Amino acid sequence: MKINPAFVEKVLTRFIRDELKKFGFSKGILGLSGGLDSAVCAVLAARALGPKNVLALIMPYGAGFPSDIKDAAGLARSLGIRKKTIDIAPQVDAYFLRFPTKFRVLKGNKMARERMSILYDFSAREKALILGTSNKTELLIGYGTIHGDMACAINPMGDLFKTQVRELGAYLGVPGRIINKEPTAGLWPGQTDEGEIGVPYAELDAVLFELVDQRRSRNEVIADGFKAEVVDRIISLIKCSEFKRRMPPIAKISSRTVGHDFLYPYDWGK
Amino acid sequence: MKAVIVQMAPCLGDIKANLDRHLEFLDRARKDKADLVVFPELSLTGYSLKDLVPDAALDAARSPVFKELLAAGRGMSVVVGFVEERGDERGLFYNSAAFLANRKILHVHRKVFLPTFGIFEEGKFFAGGRDFTPFQAPFGKTGLLICRDFLQYGSSYLLFAGGAEVMIVISAAPGRGVAGPAGFETSRMWELMGEAMSYFSTAFVLYCNRAGAEDGLFFAGGSFIYSPKGERLARASDLDEEVLSCDLDLELVRQVRKKWTFKRDERPEIILHSLERIVRRYED
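The listed protein sequences derive, respectively, from chains A and B. Okay, so the first sequence: first residue is 1 according to this note's numbering, each after it adds one. Okay, so the second sequence: first residue is 1 according to this note's numbering, each after it adds one.
None of these hints come from the bench; they were simulated from the model. Since we're looking at a predicted model, the values are computed, not measured. Careful: at least some of the hints might be erroneous.
[Said to hold, decoys possible] DSS-like cross-link-like pairs, simulated, lysine-lysine; straight-line CA separation at most 27 Å:
| hint | chain 1 | residue 1 | chain 2 | residue 2 |
| --- | --- | --- | --- | --- |
| 1 | A | K252 | B | K50 |
| 2 | B | K67 | A | K270 |
| 3 | B | K33 | B | K16 |
Start from the sequences, fold in the hints, and give me the full structure.
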């Protein structure tokens with residue numbers, strides 16, 4: 001679970017720089033929420049590409065989370081990266097005016113997808129590649145909106161657990177305010193990740209590390225002293241979210257099929 | 001003799017671009033009076049080829065690519081990694097290493113152990129080699145291994161039993177694990193193997209890993225050379241491209257073997273006899 005943050009920084013900044021170069025881009029774009037993950041990604045991007053080559057989109061829904069907007073803007077200023085603030089309320093409200101719902105998860109998913117759609121639009125306008133900010137914890141338990149915040153061109157942080165992102169953030173000098181902030185997807189006021197997932201990140205990451213990195217079985221992890229109901233809940237979250245980590249299955253009827261046995265490297269010719 | 005290890009990052013699936021870089025490195029090495037130049041595994045093609053394997057295949061004896069390499073490597077010994085498909089074995093693709101010297105292909109080693117687990121899928125795309133035989137290189141008896149071959153310790157033993165004084169390992173090893181004090185944790189595994197195998201084989205071990213990244217995998221670099229006494233003579237940086245050069249005194253093999261008689265005392269016939277008994281008992 002321990003990381004050598006200096007080496008991780010070296011690897012991840014190189015990843016961002018090399019991937020952009022391979023695909024002919026010099027600029028990166030990301031959504032900056034005022035939370036930890038996107039802050040760490042912004043620092044890595046600024047160091048990898050130079051601050052002027054990074055565009056941060058701050059995309060609040062109305063004026064619901066003023067301190068997050070302030071933190072995001074403050075970080076962008078201190079890193080010297082470009083920023084643009086876009087209120088997504090008009091486009092989200094326009095939709096729900098036509099199709100009202102009382103389910104806030106539906107509203108949250110819609111917001112995540114509006115942000116994605118704006119990021120992809122600005123990606124094309126600015127010729128900037130989208131840097132994802134999903135961490136390993138979120139990816140494993142599926143705590144993200146498919147085609148929403150999970151959508152990106154490259155993901156530098158997808159192999160770091162949330163607690164490792166925090167360690168890296170502290171090493172990179174992300175402000176303490178952001179490091180110590182209660183993690184939230186910001187889908188509605190008062191929402192917190194830990195409240196929604198039902199397990200604190202420290203415990204969640206410790207169990208995921210045993211199950212995934214160490215490939216230990218459910219019973220072995222429980223024998224280590226983790227509560228059976230927590231371990232079972234985490235295993236069920238992993239199982240139920242595989243669809244978010246994969247391209248959709250294609251019905252195979254020919255002898256060579258995309259996604260099955262038409263197998264080419266992503267970096268073909270790079 | 002001056003050995004040069006080219007810890008490069010090939011371009012995936014672009015033989016022309018990779019050949020051009022090989023020719024540049026060889027040109028520079030010749031100016032630096034190198035005797036041996038080692039390129040990494042699949043240096044002419046890149047590693048994660050998948051379905052590109054058949055398109056990247058070369059017949060070393062006939063390929064114009066090898067004609068250019070032989071010309072550029074004149075006066076030196078050169079090891080390159082490539083996808084091999086021989087004219088008399090159509091449709092069989094090997095992950096191979098060629099040893100070139102005196103404008104000839106002196107030896108080709110086909111990777112025997114094809115890792116096929118986790119991130120590795122070589123067994124899906126390559127045929128496996130079947131042999132570990134050292135050959136006479138201009139500077140001494142030499143054996144070639146490719147990446148995973150070296151981690152299966154029987155391979156080094158066979159080169160040792162066959163009389164190798166120099167073991168050349170070419171590699172495309174992705175790094176894993178970032179908890180260590182420096183570099184990827186897997187780099188330590190390779191060094192341990194290099195140290196142990198050079199010591200117990202009383203032979204030089206030259207390990208050429210590649211740099212660069214493919215599809216999110218980072219090749220760890222960290223190429224090295226160990227002496228026949230298990231001493232690390234040189235090590236390249238982690239991750240970065242680097243040309244590592246080192247003077248090797250082959251006389252050291254003799255010096256060390258006077259002191260450590262592992263080679264003299266070796267009894268391959270007993271190993272063979274024991275292995276035969278083990279293999280015969282399979283499925284009993």
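Kindly indicate which numbered hints from before are broken by the structure, ordering the numbers from low to high. Of the numbered hints given earlier, the structure breaks none, since each of them holds.
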